[in-house]
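Participant: Since each chain comes alone in its own frame, lean on the hints to assemble the complex.
Letter by letter, the chains look like this.
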Amino acid sequence: MSIAPAATSPLLQVNDLSLHYQTRQGEARAVDGVSFALQPNEAMVVLGESGCGKSSLARALLRLLPRNVAHYSGAVHFEGRDLMPLGEEDFRATVRWQRMSMVMQAAMNALNPVVRVREQVAEPLRIHSQWSREKALARVRETFGLVGLAPDVLDRYPFELSGGMRQRVVLAMALVTAPPLVILDEPTSALDVLTQAAIINVLKRIKREQDISFILITHDVATSSEIADRVALMYAGQIVECSPARDFFHAPRHPYAQLLMASVPRLRQPEAPGAIPGTPPSLLALPSGCRFADRCPQRFARCDQPPPTFHLDGSTVRCWRFAPEGAP
Amino acid sequence: MSQTPPRTPLLEAEDLHTWFELRRFGFVRIGHVRAVDGVDFALYPGESAAFVGESGCGKSTLARTLLGLHPPTRGQVRIEGRPLLSRMGRKARLEHCARIGFVQQDPYGALPPFMSIRQILSEPLRIHGTTSRSEREARIQQALTEVNLRPAADFLPKFPHMLSGGQQQRVVIARALLLAPALLIADEPVSMLDASVRVEVLRLLRNVQRERQLSLAFITHDLSTVRHFADRIFVMYAGKIVESAPVDALLDTPHHPYTRALIDAIADVDADNALSERAIPTGEPPSLVHPPTGCRFHPRCPEFMAGICDVQVPTMQPVAHQHAAACHLYDKPKEP
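Residue numbers (my numbering), protein chains in the order written: chain G, 1 to 328; chain A, 1 to 336.
Derived from the structure by calculation, the hints contain no laboratory data. Note that the Cβ used here is the ideal one computed from N, Cα and C, for glycine as well. Heads up, some of the hints might be wrong.
[Said to hold, decoys possible] Selected chain G positions facing chain A (Cβ under 8 Å, derived; list incomplete):
{"id": "1", "residue": "E49"}
{"id": "2", "residue": "V114"}
{"id": "3", "residue": "S162"}
{"id": "4", "residue": "K204"}
{"id": "5", "residue": "H219"}
{"id": "6", "residue": "A222"}
{"id": "7", "residue": "T223"}
{"id": "8", "residue": "E226"}
{"id": "9", "residue": "R246"}
{"id": "10", "residue": "L260"}
{"id": "11", "residue": "P273"}
[To be verified] Simulated coverage check for chain G against chain A, where a stretch passes if three residues somewhere in it have a Cβ under 8 Å from a Cβ of chain A:
{"id": "12", "segment": "186-198"}
{"id": "13", "segment": "274-280"}
Just chain A, same shape as in the assembly (with noise of 0.2 Å):
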């Protein structure tokens, strides 16, 4: 987003780690999984980022920790400059669920089966205290129309079943949309969904977040759709952000070698891509149990460097406007 930018940002990391502990017998500690481990952004209002990165990155424990649903074992969420505690009282619990939407990755999981879609939406209504039967009607119904489920009278005595995969997710980003939340997470919103459906929801979702102004973190895999559906992008790799850019300067001039790598494994649709074989890096992301020491993309890098990347955690440093970038080639040069 190219607006002025002195705006407080709405949601905000700092030095965030999510750690689990393992255990063996119940009891003894053997180690930690470090699924976040030490990252830092900023998303202001209305701007839409996508994290990107492979499965096991830490991607999805960053959702749920920025949702708080995980304490994080170190390091501060905050959302409008009011940090996320894991103890809080129910007001101010529920005060923090209503800035929040969640987009589940699986509709099929995030509908519960018995509810009609008119229960499922009325909940979040009647926990946050709309008491007025005619008023939760009348929020679900507009709900449902702004995720082009129309006529929304028709989909309220269904259940979930009886909807396509398309629907169901549109009535797990009405219910997102219900308390009129100030950001929306999404979860791989459309991993789970056909092709050609998964085009229309995302589509769906940067209308919605265009037309309120919201701010929306969206967790992905897929490099290919953020172009058109995020404003900036970071890219995650073992817990840490690698990179982060707006979405052009990202894709079109990327600096990681690890962000490099993830752009040319992808094939845009071309009969000629059957001619050739994509060079890719070798071996499998990390454990995060014992991490690689240095950088973490080190073992698989074209641009290893011994002696400082196996040694030197690289910090995220400026490579262009608004543009950072995790690595050693990016260091200051030794010269003035």
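Bound-form chain G, shown alone (with noise of 0.2 Å):
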């Protein structure tokens, strides 16, 4: 499976990347079969339920793998290089954290209590790059500006701040060592309303002024309107529809990419959003066809057997509905 090549070359290529867990139950298919090319200063949201495997997908990419992997795989191309023949050490020298950070969901609560936050912003610095105290400590200065802190902060421990605090410092943990491609993993859902939009500004304003990618994780189709340049949908460990924002949010191909926009609650228009029934395949036991057949009002004869990702002007979906006529 190949993407069609862009005019810039990509930042980031992943080809049929897979990530199944080994479980007493059987084999959990997490990430199966991902294929998806992200550009320079592009934010890419991946949307989905939970357990449709966005989050085994950011591990996936930075390689932060639990024990019980079964099978890992695929092609991951990133600032030109095949990033899967390298060796663990060479991965964590050269690539995690350097070139691509995380900002891991619910990190803001996993923040070490007796250490102060500017000694935990500069570990990166300290272990992967061996910046001395001095140096590392003007650049999380620096990256404190660039997230809104103010510099009394730094002084602070992590029980003084605020969730919206919190939630900026461990962003500046992932953009200290400046890397093109940061990882956010529902960087928002667990702040408040108007602390989320403060965490969306700035995400806006890095990206506007800073030569950097991000990948979006999140479940919240509203929040991800705020940041994306293209969606790509997941369901049961397969992007379903990746599209330019433009074209998912104002008319989703894939008819779950339909229902999931017809069920986001819109504060300022009449209708009433719908529901999708039924619930997600097991990731265990995965239906033999398409994924979603069980639950989608559009199915017929051919959904019975997988779906092949089709390309359309600039999208990707996985239905048979957009197989091009004549075809097989």
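Facilitator: Here it is as structure tokens:
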């Protein structure tokens, strides 16, 4: 499976990436043949319900794998380099947090309560880059400015900070090494509406001012529209649609995308939101055909076969409805 | 609700305060967390009201006070005109409990993992004196059917972990409805659920509320869903209600600057959102131990008037039909 070549060379090109976990009940196919390309200074949102494999995708990219991996394969090209043959030590020394960092889900609750935040934010520089304390601290101060934290926060402990401030600290931690790609896993979902909007504003400003790409993982469609250039929708371990933001939000193609968009409550519109019937399949026992078929209102005979990914001007859709005429 | 309004309220809070004492070394009193600090409202039979606010504004404490789980520091809660007392006899307490159903925020935490759905749902019936096994079974089946867990018999022997999050939350709702309450209190009933399931559960709550003519007090931080699931909104900030209005009036013509900020912060899905930043008030919600003087929103308020907002505590005043706000912008003009 390949993706049509874009005008500029992509920052990140992922082909047929899979990550399966071994569990007592069998093999859970959390990421199952995911392909996409990310351009420099692009923000891609990975949308999906919980359990669709979106956090596992982030882990697979950053190679933060748990012990029970059953199967990990595919091709990841990043900055023109094939990452898969790299050994763990090479990957740690040259890629992870140097060129690609991550804001983990609920990381703001995982800050060490007995270490001042400046030391925690400086840690990646001290460990990955062996910077001196002074040099690292200067860079931390600069990063704090970037995420909108006052310099006096440097000397504080995490428990003295509010949720929004802690989230900014965690964001600073991911940005401190100035990587060209930051993966954000649900960076705003534990925050209040106003704090959420403030964090999103920070992300927008950083993306405008710096040459940085984001992969934002979320289940919140409304928030995702604040920053997305492109949206990849995941369902049961696969990307079922990947489209430019405008197409995805205003004319989604995949039946699941259409139902999802109709289920988003809208503050300013009178229509009541719709619901998606049924529940997603278990990753342990995936159906042999299209994984959404059981919940799909547009199901037809062909859906018993697994659909390949179809390319249509700028989008990819994994649905038989979009099979070209006359195709087998 | 646009019915004739001469009824007595089903649920009333009058000058309600719930403070928690802060102590050092277990006995030196060093202050209070004023989680609920002077709340007045009335909820009429068959009305669905949403209490909206950010975390730490006291909305969950309000729910727990209304349930009688926290004794109010000052003020009173009345249910069907009868005051809720912190000490009640067993019979009075049981009666009170049967009038109120509670839908918890987190279904995973609200359902005991080692009890089957049948056991979970029999318990309230047994405590409230339904001794006949077959009658209990019939009522449980009826409750499960009402929350769309069909066929009900399939779910009875299951344990909570065998159900999806949405199904678990339906069991929680079924449990809240078992004793045929007049009032349902739901604390963030869908915030732990997936987006696609949320709408279904909210719709279910709304349908049940309408069919049974229940009053529903529903606590949420998410303004975007309230239009379709509530009749009235109370906006809370730092322990106080700052604005109250019918849902459309509040969302279409918000009066309090805080409500306006909340509404402005919510995006409706649009690819153009990515092109601009949202204007939002700076700062963070205040400490409930030392709340700001005067209006509690004044340090963040774009309409701040020095000498008024930081001195006088605003009171709720009518700004339109059935619409009130606690803000000095709407103080009566001095001219005749």
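Participant: None of the hints should be skipped; say for each whether it holds.
Facilitator: For each hint, the structure was consulted:
| no. | hint | result |
| --- | --- | --- |
| 1 | E49 | holds, 5 Å |
| 2 | V114 | violated, 21 Å |
| 3 | S162 | holds, 5 Å |
| 4 | K204 | holds, 6 Å |
| 5 | H219 | holds, 5 Å |
| 6 | A222 | holds, 5 Å |
| 7 | T223 | holds, 7 Å |
| 8 | E226 | holds, 5 Å |
| 9 | R246 | holds, 4 Å |
| 10 | L260 | holds, 7 Å |
| 11 | P273 | holds, 5 Å |
| 12 | 186-198 | holds (count 7) |
| 13 | 274-280 | holds (count 4) |
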